[in-house]
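With UniProt numbering, the residue at position 286 of the sequence shown is 286, and numbering never jumps.
Calculated directly from the structure, the hints in this document are not laboratory data.
Since we're looking at a predicted model, the values are computed, not measured.
The reader is advised that the hints may include incorrect statements.
[As the list claims (entries may be wrong)] Mimicking DSS-like on lysine-lysine, the simulated pairs with C-alpha atoms at most 27 Å apart in a straight line are:
#1 23 / 73
#2 525 / 544
#3 5 / 73
#4 202 / 183
#5 544 / 496
#6 544 / 605
#7 23 / 360
#8 360 / 525
#9 523 / 583
#10 583 / 544
#11 56 / 642
#12 355 / 56
#13 265 / 2
#14 56 / 72
#15 622 / 641
#16 496 / 641
#17 523 / 494
#18 622 / 642
#19 605 / 583
#20 622 / 605
#21 494 / 525
#22 73 / 2
#23 494 / 355
#24 544 / 355
#25 642 / 360
#26 494 / 642
#27 622 / 56
#28 544 / 494
#29 641 / 355
#30 2 / 56
#31 622 / 583
#32 642 / 583
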Amino acid sequence: MKFSKVLVANRGEIAVRVMQTAKAMGYQTVAVYSDADANARHVQVADEAVYIGASKVSESYLSITNIIEACKKTGADAVHPGYGFLSENTDFAQACSDHGITFIGPNAAAIHLMGSKRLSKIAMIEAGVPCVPGYEGDRQDIEYLAEQAEKIGFPLMVKASAGGGGRGMRLVHQSADLLEALKTARSEAENAFGSGELIIEKAVIAPRHVEIQVFGDTHGNYVYLFERDCSIQRRHQKVVEEAPCPVMTPELRQQMGEAAVAAAKACDYIGAGTVEFLLDQSGEFYFLEMNTRLQVEHPVTEMITGLDLVEWQLRVANGETLPLQQHELTLNGHAIEVRLYAEDPRQDFLPQTGKVLSWKPAGSDGMLPNVRIDHGMLEQGEISPFYDPMVAKIIAYGKTRQDAIRLLARAVDDCVLLGVNSNKQFLVNLLRHPIVVAGDTNTAFIQQHFQDDVSLHQQGPSLENLAVAAALFTQLNQAKVSWQTGISVPFPLKLKCADQQLLLHVQTDHDQLIAMLCDQQVKIKILAIQETQIIYDVDGIRRKLNYVLDQNQLYLDTANGNLIIENSTYAEPEAVEVIGDGKIRAPMDGAIVNLLVNAGDTVTKGQTLLILEAMKIQQQIKSDVDGVVDELIGQVGQQVKKRQLLLNVTVA
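With these hints in hand, go ahead and build the complete structure from the sequences.
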């Protein structure tokens, strides 16, 4: 046996996922953690845990030195990198090898080759893998790149060779936009990846994004474990992943699978890898890139094959042959996955941070046996601004695609996450959209068909929601009203929700509550108020709502998404915040990464003043007035809290 103790160089749900299989196979497990993760779930799951640095990723999860030192300290003789962080870092894989630590993944040479879009494309062309026509040469001056682009023709894609996740990528439709696209893509690539190297490809318009799961061992064996369709994307980020692809034929599956295996063989690949392709409407497919790690969406492959891919990774890394040969692999049923994020779709998917007041994954009562939820979240945990905002992966399996998508929508809807906003309602509505249900999607679906969905726009509370809030505030806070003892006189409740100030008049009649707003009213009958759930009757229909009451803040999990309702009835009058007053505040927890103005500068309304970063996402903070910057309160590198004052602009 090559190793007996596995250190997982990651955090969150993937660290928990890897440890579960490693433990089941008898391995000892080691977690690593930063300041922000000292009490995280993955730390609690591991047999041992080692502190590796400050919350900033550069000082902890991206510190090769600190992670190697953690291996030495604990005697861990193998490292599983998970995904993200150092999982596709050539230097990390090499450092593990140099210190006699088994890296559970491919060798450094394969990671280096596939980490370059330019070099990998050259290798794929030589291996006979279909590639999009384009330019991937080593001459990189802007003028020459522009010449090559004109030869390729429009529309075309400019891509950072070292890029990923949509960064350093530009779609260009006409010659007039080419130079600017080349310059901005290069600048973005240099800032994000430390390399301005670009490739240019003919654009494949509205394709499907189909990827093939491959595996190789140290004995020269290779297999493909079928495909995943990841076509539903937002800004080049995957939103829905499923297996198998809805339009796949056995012939096309074999062609794409064999092409993926050829790609793996071309770099002597070992372990789990994913070869991504673009599939056009005519059935032609083209190599996109190879991810040299376990993918976020690997559970859908596990559910249709009945296999544990982490187990395969551990076996291959220990020198064993692949557990199955190609002819022994079978595909059964359909699986679909979505990612639950702490982000607000109503604010252009702004990352959310803060304390999780309630987290109840769907199916925890055993009622949804074909639902799987991978997560690293603890009740009363924190969503940190330092890391990716993914809370959980929710996966459903069915005998048919219709079974799987119906069950997944139910499972997402049943998840309770209160305290921070999430994309839950966005996902539910997406999964129930007729085009998604039909499986007739491509990479342009959200942009073309989903921009007007209600989950993307601020929704106020319904009168029924307000009545429920009134019941909870009056009973749980024991407000000055007679409740369930007779008929009360109407009394006012001042509520605030989604920047709306609402004056509600409430009257109780034994176990009923009447809520009146302007000329409307609703009557609800309270059946039970439990610790985190209220059960009530409205118009003869019994309903349940999950909630958390945190002092005067009520968090409600409603059919239209989470609501935060504040009871300001007995609050002291507060100063009215004027929109457009020049007081520039942080919209989220994060770090100031760039200040674009100085004190004394004249600025215009809409001008970008600074850049705030949280969870790898940068947010432009703009002036809400014309005026003069008279005070800079924040500075580059400073961590700030949501609503913290950053600078003042005196109105002109």
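For this structure, which hints from the list above don't hold up?
6, 9, 10, 30
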